[in-house]
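Undergrad: Sequence:
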Amino acid sequence: MNSTIRFTYHDYLLLPEEKRAEIIGGDLIMEPTPGYGHQVVVKNLVKLLDRHVGLLKLGVVIPSPIDVILSEEDVVLPDVIFIARERYHIIRKKIHAAPDLAVEVISTCHAARDRELKMKLYARYGVKEYWMVDPDTGTVEVYSLRRGLPWEAGARAKTVYYEVHGIFGPHSTVTSRLLKGFEATTDEIFAKPF
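Numbering (numbering that gives the first Met the number 0), first residue to last: 0 to 193.
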């Protein structure tokens with residue numbers, strides 16, 4: 000993804016509002032409009048997460064599209080985000096830092112980007128938990144951010160990476176390390192309205 004032109008958030012603001020795009024590492028990536036099945040899963044996730052987060056007054060759940068500005072050269076549109084109450088200061092007209100949770104509903108056309116590029120990007124900026132939700136397989140993968148490898152001690156621990164919290168297949172119950180007490184079945188997440 001190395002282009003000679005480096006896009007910034009300033010360039011991003013010049014795009015027509017109806018265009019969905021992200022900037023990752025200075026590369027402009029145009030996003031197709033999501034399909035019906037994708038949006039049903041997003042709606043279900045927002046409903047399930049919002050119920051838990053609202054009941055415990057943990058923070059706020061926000062669906063896409065909303066710009067998450069990680070840096071001048073990294074602007075993303077996760078499908079769903081959660082921001083903890085104590086971090087509301089990052090919410091302005093846009094989100095001006097990493098959310099606590101980022102959820103991507105995987106589409107075939109950009110599965111590799113969500114699984115590799117975005118996972119590394121979210122870890123680097125400190126997204127505490129990353130979910131990859133795959134409607135094709137009916138699975139939800141939950142990853143928790145970890146700092147430091149076993150041989151890196153204390154303040155020297157610079158390595159950040161995601162550790163698998165769980166890979167939840169059909170008919171199983173999804174849990175979260177970040178959102179204590181959260182439970183939702185994959186049947187609820189992938190439920191069709193009719």
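In case anyone wonders, no lab produced these hints; they're calculated from the structure. Do not take every clue at face value.
Unchecked claim - Below are the BS3-like pairs computed for lysine-lysine, each with C-alpha atoms no more than 27 Å apart in a straight line:
| id | residue 1 | residue 2 |
| --- | --- | --- |
| 1 | K18 | K56 |
| 2 | K179 | K56 |
| 3 | K93 | K42 |
| 4 | K119 | K191 |
| 5 | K92 | K191 |
| 6 | K56 | K46 |
| 7 | K93 | K119 |
| 8 | K42 | K56 |
| 9 | K93 | K18 |
| 10 | K42 | K18 |
| 11 | K93 | K191 |
| 12 | K42 | K191 |
| 13 | K179 | K42 |
| 14 | K46 | K93 |
| 15 | K18 | K179 |
| 16 | K191 | K46 |
| 17 | K18 | K92 |
To be verified - Pair ranges (Cβ atoms, derived):
| id | residue 1 | residue 2 | range |
| --- | --- | --- | --- |
| 18 | I65 | T172 | 36 to 42 Å |
| 19 | R5 | D49 | 32 to 38 Å |
| 20 | I166 | H109 | 16 to 22 Å |
| 21 | T136 | R91 | 35 to 41 Å |
| 22 | R91 | M29 | 21 to 27 Å |
| 23 | L14 | G165 | 36 to 42 Å |
| 24 | I65 | E85 | 16 to 22 Å |
| 25 | K46 | S70 | 15 to 21 Å |
| 26 | A111 | T3 | 31 to 37 Å |
| 27 | I89 | F193 | 36 to 42 Å |
| 28 | H95 | E187 | 20 to 26 Å |
| 29 | G24 | K46 | 18 to 24 Å |
| 30 | D135 | H95 | 19 to 25 Å |
| 31 | S171 | A110 | 38 to 44 Å |
Note that beta-carbon positions come from the ideal geometry of N, C-alpha and C, so glycine has one too.
Undergrad: For every hint, state whether the structure bears it out.
TA: Okay, the hints, checked on the actual structure:
no. : hint                    : in the structure
1   : K18 - K56               : violated, 34 Å
2   : K179 - K56              : holds, 12 Å
3   : K93 - K42               : holds, 20 Å
4   : K119 - K191             : violated, 31 Å
5   : K92 - K191              : violated, 32 Å
6   : K56 - K46               : holds, 15 Å
7   : K93 - K119              : holds, 22 Å
8   : K42 - K56               : holds, 20 Å
9   : K93 - K18               : holds, 16 Å
10  : K42 - K18               : holds, 21 Å
11  : K93 - K191              : violated, 30 Å
12  : K42 - K191              : holds, 10 Å
13  : K179 - K42              : holds, 21 Å
14  : K46 - K93               : holds, 21 Å
15  : K18 - K179              : violated, 36 Å
16  : K191 - K46              : holds, 14 Å
17  : K18 - K92               : holds, 18 Å
18  : I65 - T172: 36 to 42 Å  : violated, 28 Å
19  : R5 - D49: 32 to 38 Å    : holds, 37 Å
20  : I166 - H109: 16 to 22 Å : holds, 20 Å
21  : T136 - R91: 35 to 41 Å  : holds, 37 Å
22  : R91 - M29: 21 to 27 Å   : holds, 25 Å
23  : L14 - G165: 36 to 42 Å  : holds, 37 Å
24  : I65 - E85: 16 to 22 Å   : holds, 20 Å
25  : K46 - S70: 15 to 21 Å   : violated, 31 Å
26  : A111 - T3: 31 to 37 Å   : violated, 23 Å
27  : I89 - F193: 36 to 42 Å  : holds, 38 Å
28  : H95 - E187: 20 to 26 Å  : violated, 32 Å
29  : G24 - K46: 18 to 24 Å   : violated, 33 Å
30  : D135 - H95: 19 to 25 Å  : violated, 33 Å
31  : S171 - A110: 38 to 44 Å : violated, 21 Å
Going through the hint list in order, the structure does not satisfy hints 1, 4, 5, 11, 15, 18, 25, 26, 28, 29, 30, 31.
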